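Visitor: Chain by chain, the residues:
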Amino acid sequence: GAVVSQHPSWVICKSGTSVKIECRSLDFQATTMFWYRQFPKQSLMLMATSNEGSKATYEQGVEKDKFLINHASLTLSTLTVTSAHPEDSSFYICSARPAGGPQDGELFFGEGSRLTVL
Amino acid sequence: QKEVEQNSGPLSVPEGAIASLNCTYSDRGSQSFFWYRQYSGKSPELIMFIYSNGDKEDGRFTAQLNKASQYVSLLIRDSQPSDSATYLCAVLNQAGTALIFGKGTTLSVSS
Chain A
1 GAVVSQHPSW VICKSGTSVK IECRSLDFQA TTMFWYRQFP KQSLMLMATS NEGSKATYEQ
61 GVEKDKFLIN HASLTLSTLT VTSAHPEDSS FYICSARPAG GPQDGELFFG EGSRLTVL
Chain B
1 QKEVEQNSGP LSVPEGAIAS LNCTYSDRGS QSFFWYRQYS GKSPELIMFI YSNGDKEDGR
61 FTAQLNKASQ YVSLLIRDSQ PSDSATYLCA VLNQAGTALI FGKGTTLSVS S
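These protein sequence lines map, in sequence, to chains A and B.
Going by this note's numbering, the first residue of the first sequence is number 1, and it counts up by one from there.
Going by this note's numbering, the first residue of the second sequence is number 1, and it counts up by one from there.
If you're looking for bench data, these hints aren't it; they were derived computationally from the structure.
Source: prediction; values computed, not measured.
Some clues are possibly wrong.
[What the hints assert, rightly or not] Only pairs whose alpha carbons sit at most 20 Å apart, straight line, appear in this in silico SDA-like list of lysine to any residue:
(1) Lys66/A to Lys41/A
(2) Lys42/B to Glu22/A
(3) Lys103/B to Glu111/A
(4) Lys66/A to Met45/A
(5) Lys14/A to Phe91/A
(6) Lys42/B to Thr116/A
(7) Lys42/B to Phe91/A
(8) Lys41/A to Ser84/B
(9) Lys64/A to Ala98/B
(10) Lys20/A to Ser5/A
Hey, can you work out the whole structure from these sequences and the hints?
Guide: Right, here's the structure in full:
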């Protein structure tokens, strides 16, 4: 099946620093990528939808200036958590939809990135 | 954001039994429904998807969809301890722009 890779898989940072998480589709092109956040024992919450070459669409309650999303190519989307604070500690997961595939088709998930802010 | 509801469990079944996982959704216009399995600390992995009313079988798994009742379920036959995980129901919104997840049901299969 299609492969989506996230990097880093685990990052620990000090409060106030910025952290960038990369999401790459390795064997397909993705016009749309989705970023989710999952707190312990909670479900995945959609943060934003990123479309290649255009601005991301953020879900209600997600600060676009804090969670910067860039989808500059058909195989790479990045999420930057700016001025991270301990409450931003979470599991961040991206998923991608293959370009040209059905809009209701399968999404492929990355392995997730665990962010711990001290 | 539209709602997807699941019983959080835990659901405990003995090895070899049938596990039944349920999910309801609020967006009546939704057309695509997915079941994911997630082990602790790992990313979700797709088990099945279903688009049409009725049953869809894949090995030990059967997904059931009833759009009129806005209800989707997953049956796991001959449950194995390795099936112990959290099962997430996900619904694609009508516009196809967002996959909304339920909170998940934790399944525990005892040997």
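Visitor: Holds or violated: Lys20/A and Ser5/A, Cα atoms, limit 20 Å.
Guide: Holds. Lys20/A to Ser5/A sits at ~14 Å (cutoff 20 Å).
Visitor: CA of Lys66/A to CA of Lys41/A, is that 20 Å or under?
Guide: violated, 24 Å
Visitor: With the threshold set at 20 Å, check whether the alpha-carbon distance from Lys41/A to Ser84/B stays at or below it.
Guide: Roughly 15 Å between the alpha carbons, so the hint for Lys41/A and Ser84/B holds.
Visitor: Would you check the hint for Lys14/A and Phe91/A, treating anything up to 20 Å between C-alpha atoms as holding?
Guide: At roughly 17 Å apart (the allowed maximum being 20 Å), Phe91/A and Lys14/A satisfy the hint.
Visitor: Please work out if Lys42/B and Glu22/A have their alpha carbons no farther apart than 20 Å.
Guide: holds, 17 Å
Visitor: With a cut-off of 20 Å on the C-alpha distance, tell me whether Lys64/A and Ala98/B pass.
Guide: holds, 17 Å
Visitor: Can you confirm whether the C-alpha distance between Lys42/B and Phe91/A stays at or below 20 Å?
Guide: holds, 9 Å
Visitor: Would the hint linking Lys103/B and Glu111/A be met if the CA-CA limit is 20 Å?
Guide: holds, 19 Å
Visitor: Between Lys66/A and Met45/A, does the CA-CA distance stay at or below 20 Å?
Guide: holds, 16 Å
Visitor: Given the hint that Lys42/B pairs with Thr116/A, test it: the Cα-Cα distance must not exceed 20 Å.
Guide: Judged against 20 Å, a Cα distance of about 16 Å means the pair holds.
Hint compliance for this structure: hint 1 alone is broken.
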